[in-house]
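**Q** Residue numbers (the working numbering), protein chains in the order written: chain A, 19 to 438; chain B, 493 to 903.
None of these hints come from the bench; they were simulated from the model. Predicted model only: the values in this text are computed from it and were never measured. A virtual CB, placed ideally from N, CA and C, is assigned to each residue, including glycine. Check before you lean on any hint, since a few could be wrong.
[To be verified] Away from chain B, derived, C-beta distances all over 10 Å, residues of chain A:
1) Ala-140
2) Gly-161
3) Ser-227
4) Arg-353
[Said to hold, decoys possible] Quick look at which bits of chain B chain A covers, simulated, 3 or more residues with Cβ under 8 Å:
5) 645 to 655
6) 687 to 693
7) 800 to 809
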Amino acid sequence: MTRQEFQTLTLSNGLQVVVQPMPGVQSAALSLMIPAGAVLDEDGKSGTTAILADMLPRGAGRFSARELSSRMDNIGLQRSVSGGVRYLTISAATTADRLADAVPLIADLVCRPHLAEDQFSAAQGLVAHGLQSIEDDPRQLLGQKLRGCSYPRPYGNPAEGRLQDVPAITIEDVRAHHEKFMVPGQAALGVAGNISLSQLQDVLERELSDWQSRPVMLPPATPPVPAPLHVEHDSVQTQIGLSWESVPYPHERYFESWAATSILSGGSSSRLFTEVRERRALCYAVSASLSTQADRARVLGYAGATNDRAQETLDVMVSEIRRLHEDLTEEELLRCQARAKSTLIMQQESTMSRAASLARDTLYLGRAVPLQEIRAKIEDLTIDRVRNYIVDHAPEQIVLVTVGPRQLDATCVQSPVASV
Amino acid sequence: MQFYHRTLENGLDVVVELNPSVHSLAAGFFVRTGSRDETAEVAGVSHFLEHMAFKGNERFSGDDMNRILDELGASSNASTDQEVTNYYAAVLPEYLDQTMELLAAMMQPSLRQEDFDTEKKVILEEIGMYEDQPGFTAYDHVMATHFSGHPLSQSILGTNESIEALTSEQMRHYHAAQYKAGNMTLAIAGNTDIDSLMEIVERHCGGIPAGKTERSAPAFQPQSRLHMVHRESSVQQHVMQMGTAPEGDHELRFAAELLSVVVGDDSGSRLFWEMTDPGFVDCADLGYGEFDGAGTWITYLSCEPEDVEKNLQRMQAVFDEVNADGITEDELEQARNKVASRVVLRGERPMGRLSSLGNNWVYRGEYRSVADDLNIVRSVTLNDINALREQYPLTMNTTVGVGPRDALQLP
């Protein structure tokens, strides 16, 4: 694995910049994560972040929406502005020689958006349309509901907003969200590609130095939406969502939890794929993945099965989750390690995925982490450590959310002790 | 970047693009068979067979296949469409030998009865999953309606009834007819050396039976048709439209791709500014689809049910303007820049190169490097766009609606 060098810079306003030069590629990508996500949406105004994310490109600095868009297109800039739960993230990529030209445009969008009155109702309409389309897609609907039942409020807020809240949001709410929360102090910019910090430093300082910081207080956590939760939906399949507690990315046992989840659902020989799909053919899609915020994490499980087979699917999934520590083999861990190794090495071929990791590591761990360090941690794992982790963190209560025509019997997700 | 084309004795085409600056390798079989090559009795067999390929051969069981792929750290999958079934894996170069052995095993699976019976249930679940997604429902119906009477109308997944009725004997028969070396292209992109690669390929793939089948491509004339799929519970109305565009080997296909970016890309396009940006719709876009002997314009619109007519009119107005007056040099240049940057970014990963490498060979027997693609994108002119408007205007023959509406008034 190629040894990685990072170049770092902290601007006077506190923005942390990390650059990873990748000489083998032609492109360069950036990822700017700003802690202004939906967790900060006011109660009753869920969707403020989503509207803000939609409005940022609708005119900024000296440019109208169309001018901004055509300038970005002319430098071949692929970009997205997405409002997440914790972070509002701006990602962009193009050929490396043109990334510096993108910085002033992105700086306009972040620091100097017009947030004009006459663009507001269109943005509000689009966010509402997006929410309606989630209503028509049972799998997405499930994901949204599952996060709400899994994380304490407001940390399980839907990034896309709530349909019933959107009409109450005003342009003033959006402007206030931008002014109060889109600040550089706890933000990070990751850049990866055929580029070095020296090519970006001047333009970053010039364009971003008047971006002012101010302290942001995170709201207190209150209990999540109660589960089990069932959402009526006229569909052929029942969507099943499960979640249970895990340890977050900065935690010392994170890689043990990663391996546990990977043994459960990481590849085509994983427990869930083998037992639910290959042996019993209960469904087409079944999975479990780690979802981590900076200081809390969950494993999210998913399956979609036709209504008559949904109960058995749920029962088998839960039984596999509960018996994960049984008959763990060295080979299962070796397979996870092999898959991790190739995933990490292939990440070196993607500037976009490296840029995102740099920004995330900077925010969650306080520094960019070389891939070889992650690889060493994964290779150091032993099956005993993984088993101990699973036993120590065995889920008592599993959160269950279903979307479909009929509610399922939730007995299997109750704490095994309580149900005796 | 170095390109090689070799043909094994059994007729298997092997196309290889070596790139010493990447870390991995992607390999894939592109089998020239899909739903259009099926008869009605076996509708969905191509896709079902793709699943069965992962159940192994005489040497490997399905569990072995799954386990070894994970041991190699392979990211592997397969896909089936109307014309091509694709099996692929991305791995680190040191695992090439074992990866090729498994991919070659997928080309000659045992098709055991027990596996067949189990996997049939998974296929029925997959059909159920797509049925719950209005976009997929609309696509299936728009293809069936637009290509009515032509093999491209045939559904990729088949139906619950056709899959229930399918026997392993029928699948064996289909496999024997279609999975011949002359119907396959093996594409490999990434970091390795050609001599050891070819030795591995010959050792694992030399046993695939020789032969080639011809595909029927009857002429057809799409009629104007409107087809509604009623879904009372749907919040939005989903509308897909289809018209005739240049076929897969037409010289104007690059112009068609660029025009679809100018008119219907998901951001910065005419439809975006007229419909999405003002908040009239959830989504409104135009795409270009290439097939063997056919081509399509395809639009997708989703919005509130009562706004469909107004939005279809807006879309029609955009098309009318392009058909009458064309586009500007600025718009074309922007589209060139967008597409060029996509080509470069996608081309940096072996997995990104694989589909272009394989499909160019399957469809046209040609190789194009990233540099060739960039040159082609750069060389499309307004004259090409004008010739395209002349021959393949943005005119939609077929409309399919999925949602609460029973009827639609077309503009």
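**Q** Beyond 10 Å from every Cβ of chain B: is that where the Cβ of Ser-227 (chain A) lies?
**A** The claim stands: Ser-227 (chain A) keeps its Cβ more than 10 Å from every Cβ of chain B (closest is about 29 Å).
**Q** Check whether three or more residues of the segment 800 to 809 of chain B sit with their beta carbon closer than 8 Å to a beta carbon of chain A.
**A** With 0 residues close enough to chain A, the hint is violated.
**Q** Under 8 Å between beta-carbons, do enough residues of the segment 687 to 693 of chain B, three at least, approach chain A for the coverage claim to hold?
**A** violated (count 0)
**Q** Please check whether the segment 645 to 655 of chain B has three or more residues whose CB lies within less than 8 Å of a CB on chain A.
**A** violated (count 0)
**Q** Once the closest CB in chain B is found, is it more than 10 Å from Arg-353 (chain A)?
**A** violated, 4 Å
**Q** Hey, is Gly-161 (chain A) genuinely clear of chain B, shortest beta carbon separation above 10 Å?
**A** holds, 14 Å
**Q** Per the stated criterion, does the least C-beta distance between Ala-140 (chain A) and chain B lie above 10 Å, as a non-interface residue requires?
**A** violated, 4 Å
Of the numbered hints stated above, those contradicted by the structure are hints 1, 4, 5, 6, 7, listed in ascending order.
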